[in-house]
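Trainee: Sequence:
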Amino acid sequence: MRTETEMLNRILQIAKTIQVEAIAISGSRTDTKAPKDEFQDYDVVYIVDDLDNLKRDISWLDQFGKRIIEQEVTLGHRRLYLMLFEDGNRIDLTLCPQEHMQEWVDSEAGFTVLEDKKGLFESYSPNPQRYWRSPATETDFKNSCNEFWWVSAYVVKGIHRNHLVYATDHLYGICQQELLKLLAWQVAADKGTVDVGKNYKYLFQYLPAEKEKEFSNQLDFSSKEKITQSLYATMQLFHREAQYLAQKMGFDYDKEVAEKMIQYAEERVKKFGNN
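Per the working numbering, the sequence shown runs over residues 1 to 275.
Among the hints, a few may not be true.
As the list claims (entries may be wrong) - Okay, derived cross-link-like pairs now, EDC-like style, lysine to aspartate or glutamate, Cα gap no bigger than 20 Å in a straight line: (1) Lys36 x Asp92; (2) Lys181 x Glu225; (3) Lys157 x Glu147; (4) Lys211 x Asp190; (5) Lys248 x Asp220; (6) Lys270 x Glu225; (7) Lys224 x Glu266; (8) Lys16 x Asp92.
As the list claims (entries may be wrong) - Cβ pair distances, simulated, as ranges: (9) Thr17 x Lys211: 46 to 54 Å; (10) Gln13 x Asp50: 13 to 21 Å; (11) Gln247 x Asn217: 45 to 53 Å.
Note that these hints are calculated values from the structure, not bench results. All of these numbers come straight from a predicted model, not from anything done at the bench. For glycine and all other residues, C-beta sits at the position ideal for the given N, C-alpha and C.
Starting from the given sequences, assemble the full structure and let the hints guide the process.
Mentor: What follows is the structure in structure tokens.
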């Protein structure tokens, strides 16, 4: 596996061959909190002035090495080349026209300039607060609670209809995300604005170990029975943590709605069976 020094040298050398205007790197390799391991991507942007020609003939990508698999993605005015190489390294390379640099900067939590002879990045600042969470307002809190309890009914419907992908998608993709948001607000209530990282990856560094274990125990969606158990546990945990945050922040919390939705879920699953 090529070393970081070898990879960065290759990134810089290839940039010269295609006459890139400036180069920056973002993602975990610029995050001092991120663990160092072989799965860290090289999230690189090439600022270019002739995107069309570079897209038309991409044979220059072969200089990076032999790929196992790759994807090409158009995102706004940018073109992304996601490449996994045979030696295990991965580069997520963005080609960004100079006139649309702000678009790339806005999409990143932070970055480090590798080369910029014309000073193109000088007028742009990273946005390290992209994954920061501030204490909730009461409106934020009420909206989150409403979203959680409303969507929990969709999970119940999915379980009843045996639409397990549908049920899991709503449970993890919405309900448990609202729970993570609630936990992040608890941390922010104690510490002020905090960096919870992309997909809440740093959240449980701020919380007692038992809370991470309690949340992780809800992530088994391997059967209808496990999805149902996860739903019940998620509802109970959200209800408990919402009451705690409401008391701490002086917010109103509608316990009646929460308790009725818990009862609704339990009765419907019991009534229609869980086979």
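Trainee: State for each hint whether it applies.
Mentor: Okay, the hints, checked on the actual structure:
1. Between Lys36 and Asp92 the alpha-carbon distance is near 17 Å, which keeps this suggested pair within the 20 Å criterion.
2. Only pairs whose Cα atoms come within 20 Å are accepted, and Lys181 paired with Glu225 is rejected, the gap being roughly 26 Å.
3. Restraint check for Lys157 and Glu147: the C-alpha separation of about 16 Å stays at or below 20 Å, so the hint holds.
4. A hinted pair counts as satisfied when its Cα atoms are at most 20 Å apart, and Lys211 with Asp190 qualifies at roughly 16 Å.
5. For the given pair, Lys248 sits about 31 Å from Asp220 by alpha-carbon distance, which is inconsistent with the 20 Å threshold.
6. At roughly 12 Å between alpha-carbon atoms, Lys270 and Glu225 fall within 20 Å of each other, so this suggested pair holds.
7. Straight-line distance between C-alpha atoms of Lys224 and Glu266 comes to about 14 Å, which keeps the hinted pair within the 20 Å bound.
8. About 18 Å separates the Cα atoms of Lys16 and Asp92, which keeps this hinted pair within 20 Å; it holds.
9. For the hinted restraint 46 to 54 Å between Thr17 and Lys211, the CB-CB distance of approximately 51 Å keeps it satisfied.
10. Checked against the hint of 13 to 21 Å, the pair Gln13 and Asp50 passes, with Cβ atoms roughly 19 Å apart.
11. Here the CB-CB span from Gln247 to Asn217 is close to 25 Å, at odds with the stated 45 to 53 Å.
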